[in-house]
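Chains E and B supply the protein sequences, listed in that same order. Numbering of the first sequence is given in our numbering, commencing with residue 1 and proceeding in unit increments. Numbering of the second sequence is given in our numbering, commencing with residue 1 and proceeding in unit increments.
By construction, these hints were calculated from the structure, which means they are not laboratory data. Please note that the accuracy of each hint is not assured.
Here are some, though not all, of the chain B residues that point toward chain E, as calculated from beta-carbon distances under 8 Å [as the list claims (entries may be wrong)]:
| # | residue |
| --- | --- |
| 1 | A6 |
| 2 | G13 |
| 3 | P74 |
| 4 | G123 |
| 5 | P228 |
| 6 | V249 |
Positions of the beta carbon are idealized from the N, C-alpha and C atoms, including for glycine.
So you can see what is in the structure, the chains are spelled out below.
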Amino acid sequence: MSQTSTLGRWLSPQWFGVAPFFLFAFLFLILPALAIVIGAFRGADGGFTFDNIVGLNTPTIRNAYWVSIRVSFWSALLGCTIGFAMAAAATMGAMPRFIRSPLLTFSGVASNFAGLPLAFAFIATIGPAGLITVWLRTEFGINLRGATGFNLFSTTGLIVTYLFFQVPLMILIITPALDGLRREWREAAEILGATGAQYWRMVAFPILLPSLMGTFALLFANAFGAVATAFALAGPQLNIAPILLFSQIRGDVLGSPGLGYALAFGMIVITGLANALYLWLRARTERWQK
Amino acid sequence: MKRFAAWTAFLLGSLIFILPLFGMTEFSLSMRRGEYSFDAYASVLADPQFRETFTYSVVMALFTIVFGILLVVPTAYWVRLKMPGLRPVVEFITLMPLVIPAIVIVFGYIRLYNTSSWLPLTGSAMGTNILLMFGYTALALPYMYRAVDTGLRSIDIATLTEAAQSLGAGWTTIFARVILPNVFVAVLSGAFLTFAIVIGEFTLAALLNRPAFGPYLQLVGANKAYEPSALAVISFAITWLCMGLIQIVARLAPKPPAQPH
Chain E
1 MSQTSTLGRW LSPQWFGVAP FFLFAFLFLI LPALAIVIGA FRGADGGFTF
51 DNIVGLNTPT IRNAYWVSIR VSFWSALLGC TIGFAMAAAA TMGAMPRFIR
101 SPLLTFSGVA SNFAGLPLAF AFIATIGPAG LITVWLRTEF GINLRGATGF
151 NLFSTTGLIV TYLFFQVPLM ILIITPALDG LRREWREAAE ILGATGAQYW
201 RMVAFPILLP SLMGTFALLF ANAFGAVATA FALAGPQLNI APILLFSQIR
251 GDVLGSPGLG YALAFGMIVI TGLANALYLW LRARTERWQK
Chain B
1 MKRFAAWTAF LLGSLIFILP LFGMTEFSLS MRRGEYSFDA YASVLADPQF
51 RETFTYSVVM ALFTIVFGIL LVVPTAYWVR LKMPGLRPVV EFITLMPLVI
101 PAIVIVFGYI RLYNTSSWLP LTGSAMGTNI LLMFGYTALA LPYMYRAVDT
151 GLRSIDIATL TEAAQSLGAG WTTIFARVIL PNVFVAVLSG AFLTFAIVIG
201 EFTLAALLNR PAFGPYLQLV GANKAYEPSA LAVISFAITW LCMGLIQIVA
251 RLAPKPPAQP H
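Chain E on its own, in the form it takes in the complex:
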């Protein structure tokens, strides 16, 4: 292909149709992300450096990432398990069919009910003066915090609260995969003498595994970037990566702008890896759903 025809192709009027979109995407998605990546590798003197990335290795920042990863991991794992159980119960024929549609509608709502109001709802329920906390204390004399060590304003509380949007997200994503399990597979397994447990362990579960792992990765990324709920529950002192970054943007608490970019860069890497895993596994899953 000659030089002019390539140029001509690039200058063809067709591109005007998508130019506004690409301009927007470049200015308000790609360039901001690039600015963070570049900032993470640029020293105070403007030259290239790994100092910022190496500088992440302090107890505070390491701990922030680690707590974030733990919260995201557990909320994703519990979200997957509970969501799967509920979706399986509602779709596999053990419950009346009329439950399915309201469940999916409700999941659509609940997966979008995040942020500050979600934190308020949990504070009103299992916070220090919440409905259940008070009820347990007055009716049974149980001190929730004293008896179980549960504290809503801790990482455990965060995990429980995140379940409110993680479980419905799981239900929304896994229901189509469960629908994709063909009746014939089950019948074939039964004819060959498989028990229910064997069918699940040797047929359904291996087929669903990429879906399950993919959704897990998505839920992980979903929890990892969440700021508002954690901020409302525990305030700026909770040491998780997004909140540390929030404080850094507000007032340079790390004492070095470059370190802030490196912190943000690390978050992109982690959510990016989780999403790449999700996309890769989803591509594998689709082979079974045709």
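Place chain B on chain E using the hints.
Chain B alone, transformed into the frame defined by chain E:
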């Protein structure tokens, strides 16, 4: 046995939703000692800051929706019609906001568009509003694009476009009077979802220092006892309303009737 296990799993799982929703409702009604009352709601509604920030966020949501429609519908249409090879690229870009956390995106904005940069958007209130609107558009992009693209899939845009062109229509006419009405339902569901996202958004508004509903919620949450629950109930109702409207709109999706003109 199987039935019992299914019901048990389902009911135990639903406690995660039922208890907090019940808790926040009960709490929002118990501001007055010993009896249920709407005092917390009255207190919220009487707060001028509530009205100001809520109005601000509603206006921001409307602008974001209009801008999002103008950005996404022509692009999705054009890509389907003329440049199908570009689809994976465009789809990848629209998924970026799900990969990059909102807080990182806004961090990039602050670095790029601060007062000493080449495009000092954060220098004025109006500039920051516009930047915030772009940010919201970016956050809503995955949902908006997918909704519109699904809508376009169900109509034969090539034939519609040729028919309009042979009748002498220009691109603006084709877009406004042929394509947009045909994907109106899809656009509406994208719009409601955008509304639900923008109305309570906290991170962008807080870091760009705009008086939106999200930062106001944070302020109330930190300082009041019963009002946050009332606000949570109101927010949940708004989310329900948006999602409910999506369902209704989708159900009413007109199989375009032969309109006499």
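Taking the hints in turn, this is what the structure says about them:
1. A6: holds (4 Å)
2. G13: holds (4 Å)
3. P74: Holds, because the Cβ-Cβ distance from P74 of chain B to chain E comes to roughly 7 Å (cut-off 8 Å).
4. G123: Where the cut-off is 8 Å and the nearest Cβ of chain E is about 17 Å from G123 of chain B, the hint is violated.
5. P228: The hint holds - P228 of chain B has a Cβ within 8 Å of chain E, the shortest such distance being about 4 Å.
6. V249: violated (13 Å)
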